[in-house]
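Q: Given chain E's structure and the hints, the job is docking chain Y onto it.
So the chains spell out like this:
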Amino acid sequence: MKKYLLDLTVQRVERIHERYVLIKLTDNKPLPEMLPGQFVEIRVDGSPATFLRRPISINFVDTKANELWLLVAAVGDGTRKLAQMQAGEKLNCLLPLGNGFTMPQKKEERILLVGGGVGVAPLLYMGAQMSQMGCEPTFLLGARTAKDLLMLDTFRKYGRVCVTTEDGSEGEKGFVTNHSLLQEEQFDRIATCGPTPMMKAVARYARQANTECEVSLENLMACGLGACLCCVEKTTEGNLCVCKDGPVFNIRKLLWQD
Amino acid sequence: MARLDVKIGNLSLKNPVMTASGTFGYGLEFADLMPLDGIGGIIVKGTTLNPREGNDYPRMAETASGMLNCVGLQNKGVDYFCEHIYPQIKDIDTNMIVNVSGSSPDDYAECAARIDALEKIPAIELNISCPNVKDGGMAFGVTCAGASSVVKAVRERYHKTLIVKLSPNVTNIAEIARAVEAEGADSVSLINTLMGMAIDIEKRKTLLSINTGGLSGPAVKPVALRMVWQVAKAVKIPVVGLGGICCAKDAIEFLMAGATAIEIGTANFLDPTVSIKVRDGINDWLDRHGCQSVQEIIGVID
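For the protein sequence lines, the chains are E and Y, in the order given. Heads up, the first sequence stops at 258 in our numbering, and the numbers go up one at a time, no gaps. Heads up, the second sequence stops at 560 in our numbering, and the numbers go up one at a time, no gaps.
Bound conformation, chain E alone (with noise of 0.2 Å):
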């Protein structure tokens, strides 16, 4: 896919949480095609601890509106300096960067979208895209206490969300992988998003259940291109980079056999 440098307009930026805003862009011109799991690499101003652009995932491209949404989480100074953008003001955006996840290739298909913290983003407009070809997906979101479940009526729009927080505040009680859905149900395949625990127990949940599984990796990366051979992982293929050759692997491929 065609990669673009462009200075893109925020529209918007809402608070969703004390530590997560959500930015809404967009351009005079139409934005260019993007896949669900890919993601876009911002530059930084004004923020002179961040020097290398960051790795945003995509969380929605509304092509009605011409939006594209990041969920970007408020942790580092670069970040919170994103969070703090006003309308109007232009945001330098590499895009769009990586492969993106296996879509469903029949409406039956049951996809199971398993995300945890910030790492639903991506899930979203997955989750979007499959509705939109008429396979309703499952999600299953995870988080540590109510408050820090994110979008969750955005993506009641989509598909079924089943939810669990470690405190029990809302959903069922415990990591996602304890959720008495995934004891219940049979999927064709998962995709999961967000921290690197999480993500390793629902690849070992998919080996036992005998699912396929696509994960999404964060490695710290600096071009986003595939030039730096910076933020690669271990693989079947040797090392292989996450910016290009992902982020989305099958865990088949990758050496998670904890």
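If you are wondering where the hints come from, they were derived from the structure by calculation, not from laboratory data. Keep in mind it's a predicted model, so treat the numbers as computed, not measured. In this text, a Cβ means the ideal position worked out from N, Cα and C, and glycines have one as well. Fair warning: there could be bad hints in the mix.
Unchecked claim - Computed footprint of chain Y on chain E; a stretch qualifies when at least three of its residues, placed anywhere within it, have a C-beta under 8 Å from a C-beta of chain Y:
1. 3-14
2. 46-58
3. 218-229
4. 233-247
As the list claims (entries may be wrong) - So these bits of chain E aren't anywhere near chain Y, every CB distance computed over 10 Å:
5. D62
6. A83
7. T102
8. K106
9. K147
10. G174
A: Chain Y in isolation, oriented as in the chain E frame:
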């Protein structure tokens, strides 16, 4: 429109801007974003005789105005390059230069000889300065004897333009430059990365898998500029300057310090189109100052 063409030995560059090895892949990764034939040269990823997996992740750490890396020359080997990559890059209308590394003088020479046979590769950059490999790399580049031994072995079997990339991790870089000049190098490029380190104080661990890595980016620019100036005064062969160049002003500083051409490295990660902007910026500066040619500013600092 000033004249921007320069020569490095027999190698003609349409302008003095090249991209540094390890920061621009094989050029193809950037083809959607900028015209590859708009710059003077592309120095592709470090290539070795045998395939190398490189070091373990994590290989990168962000630092103040720069970054550390310890990639460790991951590449699929020179035969893979010749068979699979060369056909894809040979028709890019600029100087496609291969960065060559090895673990013994014979290794370097064999790898260079195989690249010598490729019609559309007019030059190599000999990497005797990689700080991230145990065997070879920088070990050769930090002594005059080591540097000479590699250049001598390669010169016997490589007949096109030979640029030798020098390490800044030495006491006297001008001496090393003179040593490789004496063995027949056509040019020297400098600097490779400065060896550095960073620690996560919460985890009480270094941020890189092999503890140390090479520092690059604007943080190293003043050091690089000083070394280019010292080396340009010490040798007669042309010098290629690099180290933290992010904009045309940075590039012009290197040219004034005595570099005939420059390479852009880490800045490609911040703006993948930066090399074209640097080219245009040099041209604008020359026009603004009534210069007919970039030659008028090369080495103006005594």
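Q: Run every hint past the structure and note whether it holds.
A: Comparing the hints with the structure gives:
no.: 1; hint: 3-14; result: holds (count 3)
no.: 2; hint: 46-58; result: holds (count 6)
no.: 3; hint: 218-229; result: holds (count 11)
no.: 4; hint: 233-247; result: holds (count 5)
no.: 5; hint: D62; result: 24 Å, holds
no.: 6; hint: A83; result: 19 Å, holds
no.: 7; hint: T102; result: 23 Å, holds
no.: 8; hint: K106; result: 32 Å, holds
no.: 9; hint: K147; result: 26 Å, holds
no.: 10; hint: G174; result: 27 Å, holds
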